[in-house]
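S.K.: Below are the chains, spelled out letter by letter.
There are 2 protein chains.
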Amino acid sequence: MTALEERPAAPARTTWIDCDVHIAMPSPAALRENLPEEWRERHDRYGGNPFHASLYPRMALGAARTDAWPPDGSAPGSSLPFLREQLLDRWAIEYAVLGPIVRPDQAGMRNPGYAAALARATNDWVVREWLDPDPRLRSSIVVPVEDTEYAVAEIERVAGDPRFVQVYLQIKTSAPLGNRRYWPIYEAAAAHDLPVSIHFGGVGGHPSTAAGWASYYLEDHAGNAQTFQHQLVSLVCSGVLERLPDLRIVLIEGGVAWAPALVWRLDAAFERMHDEVPHLTRRPSEYVADHVWFTTQPVEEPPDPRSLARVFDDLPCLRDRVMYSSDYPHWDFDAPDQVLRTVPLDAALRAKIMTGNARELYRLPR
Amino acid sequence: MTALEERPAAPARTTWIDCDVHIAMPSPAALRENLPEEWRERHDRYGGNPFHASLYPRMALGAARTDAWPPDGSAPGSSLPFLREQLLDRWAIEYAVLGPIVRPDQAGMRNPGYAAALARATNDWVVREWLDPDPRLRSSIVVPVEDTEYAVAEIERVAGDPRFVQVYLQIKTSAPLGNRRYWPIYEAAAAHDLPVSIHFGGVGGHPSTAAGWASYYLEDHAGNAQTFQHQLVSLVCSGVLERLPDLRIVLIEGGVAWAPALVWRLDAAFERMHDEVPHLTRRPSEYVADHVWFTTQPVEEPPDPRSLARVFDDLPCLRDRVMYSSDYPHWDFDAPDQVLRTVPLDAALRAKIMTGNARELYRLPR
Chain R
1 MTALEERPAA PARTTWIDCD VHIAMPSPAA LRENLPEEWR ERHDRYGGNP FHASLYPRMA
61 LGAARTDAWP PDGSAPGSSL PFLREQLLDR WAIEYAVLGP IVRPDQAGMR NPGYAAALAR
121 ATNDWVVREW LDPDPRLRSS IVVPVEDTEY AVAEIERVAG DPRFVQVYLQ IKTSAPLGNR
181 RYWPIYEAAA AHDLPVSIHF GGVGGHPSTA AGWASYYLED HAGNAQTFQH QLVSLVCSGV
241 LERLPDLRIV LIEGGVAWAP ALVWRLDAAF ERMHDEVPHL TRRPSEYVAD HVWFTTQPVE
301 EPPDPRSLAR VFDDLPCLRD RVMYSSDYPH WDFDAPDQVL RTVPLDAALR AKIMTGNARE
361 LYRLPR
Chain S
1 MTALEERPAA PARTTWIDCD VHIAMPSPAA LRENLPEEWR ERHDRYGGNP FHASLYPRMA
61 LGAARTDAWP PDGSAPGSSL PFLREQLLDR WAIEYAVLGP IVRPDQAGMR NPGYAAALAR
121 ATNDWVVREW LDPDPRLRSS IVVPVEDTEY AVAEIERVAG DPRFVQVYLQ IKTSAPLGNR
181 RYWPIYEAAA AHDLPVSIHF GGVGGHPSTA AGWASYYLED HAGNAQTFQH QLVSLVCSGV
241 LERLPDLRIV LIEGGVAWAP ALVWRLDAAF ERMHDEVPHL TRRPSEYVAD HVWFTTQPVE
301 EPPDPRSLAR VFDDLPCLRD RVMYSSDYPH WDFDAPDQVL RTVPLDAALR AKIMTGNARE
361 LYRLPR
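If you're matching them up, the sequences are chains R and S in order.
For the record, in the first sequence the residue sitting at position 291 is 291 according to full-length UniProt numbering, with numbers rising by one throughout.
For the record, in the second sequence the residue sitting at position 334 is 334 according to full-length UniProt numbering, with numbers rising by one throughout.
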């Protein structure tokens, strides 16, 4: 670096070649304007999908329904009055379990102290702005999952408030969730009688699919169910469900209909290879039946709705394990009076899905 | 480096500290002997699973059935007379489609010339030692998938031999198989009326699951179906099936029962996000129905065999797409008179699975 005033005047005959000079478009909008028309709309709607995370459609638009912006223009999902109007009051929701929207990479932040501070800030804000003002709300505890000690500390810090009804992990983690490094998180959750929920999102630091980085949001959106399958396989095979008989796992926004085929494969492989995992005393299907819950949105929508009803025959434990979810305020929101409407479910099962299973899991008083 | 003879004699009072001296156990067996009893058996049976590949159980034992060693002690699957005795003659196999066992990392070898040479050597050996001596055999073309130009050249080199009935890829690749870099491989295959098969195995250079590296073979074995799902999603969303209407994809050793749920999810997501993939003119389910075949082994084995029969109702195209496979000589071999035995399939469907679908796909004369 040379101070300008110290610079000697250049003799007229001297020339230079500078091989590293940066220019920039004046704003993000300028890049958009330079795109051909056919790409502008996709640019607006789907934004970027660089080689670092599985992202979410309409992220630049809060991933939200087009009507989800509160009147004051603040972010979708940020206004309690508007949540009451659009969801809680409109459909007479008895309880709603909040999953605070955090930055996609928050839980996996590499600076452990910063990740912990972000989690504490989020949980405190949830208490102040949401749980205190509305008795219908329950929330999930955001934790810095990649630093087990800080994650456990955050659970211990807030678990005394019974309105926190589960620990909140995201599906993308730096190691599979069965890894022993994460076990103290499950132990802390089980000790406080809290389920551990796993939701779409997060950043793991490795490709978004087992085949590599996906090219389209469509792939991550539809293919996301496979990451849930991998995490479930990891949790089952690790032995943590054997070690913690009371641990409850909730898979949120990961689908349901894949579960029977996965459990069949796992059981068949286990039958031949159980000597590799002597820490498992039961078949994989038994751990799934006893420990794993699922939420509906986005539930699979087969062309013949009877196919979805049959999933409950193929894996009977699902009758007690599937719970309605709306994914409000996101763009693929499922209304409670629309979801599963055409699926031929018996009335008892429908009641379990819409209220009973969640009431029992989260110990929600009538 | 100091030549010993040039070294001055050290004065008696001089001492040194050497901070990098290596020792080694005298043989791999010595490591085994130093393991406690409880780990020795697993060490023998499952070998290592380091952070670089999804491997396969019993790899140190050829991943083979215990009776699969030819009398001369050579490797399982290396003797044609023994293959005739144990498989072709014993069960009156009309045709067998060979998938040459290659080193797990062969297709993904980083030295492109070496990978191409290994593929050529394998295909030439297949012609000489297997296809020429036995008219019941057909084979797959091994290609160096990560160098598209060399892979296409190898297809062009051998595709004139009609006994090569498909191109042979492995499920682990450095990018998802829909990536445009691989398209010339599909174009070459389609131009020669050859299906492209994708089999368990390979090395992609990234974690074995979308959740990270699995801890147990059991996870890779049962969870492998998820990688097949990711690859299928990639192929469908990429548009290569739109571009090549005659391209046929065969998923080998990846399971079947997951297909309906995956297709339902893809179609539902596509309905909302098709503007992101305007290169697709049809729903994902239509590409799957027209382009994708599946082999049976290891087929899912639900506790109620009717569940497996229902998979064919849930995704009717599967009636024309599922083909019997034994996986000989591997340890989880399925005999043709045992597989699907308890599953209530109509006779026409059973005949399609056991012979008809393969005869049609591979154009096998009666």
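Do not rely on the hints blindly, as some may be mistaken.
[Unchecked claim] Covered stretches of chain R (in silico footprint by chain S; criterion: 3 or more residues with CB under 8 Å from a CB of chain S, positions within the stretch not fixed):
#1 164–170
#2 201–213
#3 231–238
#4 246–258
[What the hints assert, rightly or not] If you anchor each label on the Cβ, the simulated ranges turn out as follows:
#5 Ala153(S) to Arg13(R): 51 to 59 Å
#6 Gly113(S) to Asp18(R): 36 to 44 Å
#7 Pro28(R) to Ala121(S): 49 to 57 Å
#8 Pro344(R) to Ala121(S): 54 to 62 Å
#9 Asp346(S) to Arg359(R): 51 to 59 Å
[What the hints assert, rightly or not] Residues of chain R placed beyond 10 Å of chain S at every Cβ, according to the derived structure:
#10 Glu149
#11 Ala175
#12 Leu177
#13 His192
#14 Ala261
#15 Ser326
#16 Asp332
In short, the hints are calculated from the structure, not lab data.
Every residue gets a Cβ at the ideal spot worked out from N, C-alpha and C, and that includes glycine.
S.K.: Go check the region 246–258 of chain R versus chain S for me, would you? Three or more residues, Cβ under 8 Å, otherwise it fails.
M.R.: holds (count 3)
S.K.: Evaluate the condition: distance from the CB of Asp332(R) to the nearest CB of chain S exceeds 10 Å.
M.R.: violated, 7 Å
S.K.: Has the hinted range 49 to 57 Å been met by the Cβ atoms of Pro28(R) and Ala121(S)?
M.R.: holds, 53 Å
S.K.: For Asp346(S) and Arg359(R), compare the CB-CB distance with the range 51 to 59 Å and indicate the outcome.
M.R.: violated, 44 Å
S.K.: Leu177(R) clear of chain S by more than 10 Å, beta carbon to beta carbon?
M.R.: violated, 7 Å
S.K.: Decide, holds or violated, for the assertion that all CB atoms of chain S are farther than 10 Å from the CB of Ala261(R).
M.R.: Nearest chain S Cβ is 4 Å from Ala261(R), so the label is violated.
S.K.: Find the nearest Cβ of chain S to the Cβ of Ala175(R) and say whether that gap is larger than 10 Å.
M.R.: Answer for Ala175(R): violated, closest chain S Cβ roughly 5 Å.
S.K.: Take the C-beta atom of Gly113(S) and the C-beta atom of Asp18(R), compute their distance, and say whether it sits inside 36 to 44 Å.
M.R.: Between Gly113(S) and Asp18(R), where Cβ atoms are some 40 Å apart, the hint holds.
S.K.: Counting residues of the region 164–170 of chain R whose CB is closer than 8 Å to a CB in chain S, do you get three or more?
M.R.: violated (count 0)
S.K.: Between the region 201–213 of chain R and chain S, see if three or more residues pass the 8 Å beta-carbon test, and mark the coverage as holds or violated.
M.R.: The restraint on the region 201–213 of chain R holds, since 9 of its residues have a Cβ under 8 Å from chain S and three suffice.
S.K.: Just want to verify: His192(R) was marked as not at the interface with chain S; is every Cβ pair farther apart than 10 Å?
M.R.: holds, 25 Å
S.K.: With 54 to 62 Å as the target window, see if Pro344(R) and Ala121(S) comply at their CB atoms.
M.R.: Holds, since Pro344(R) and Ala121(S) (Cβ atoms, about 58 Å apart) stay within the stated range.
Violated hints, in rising order: 1, 9, 11, 12, 14 and 16; the structure is consistent with all others.
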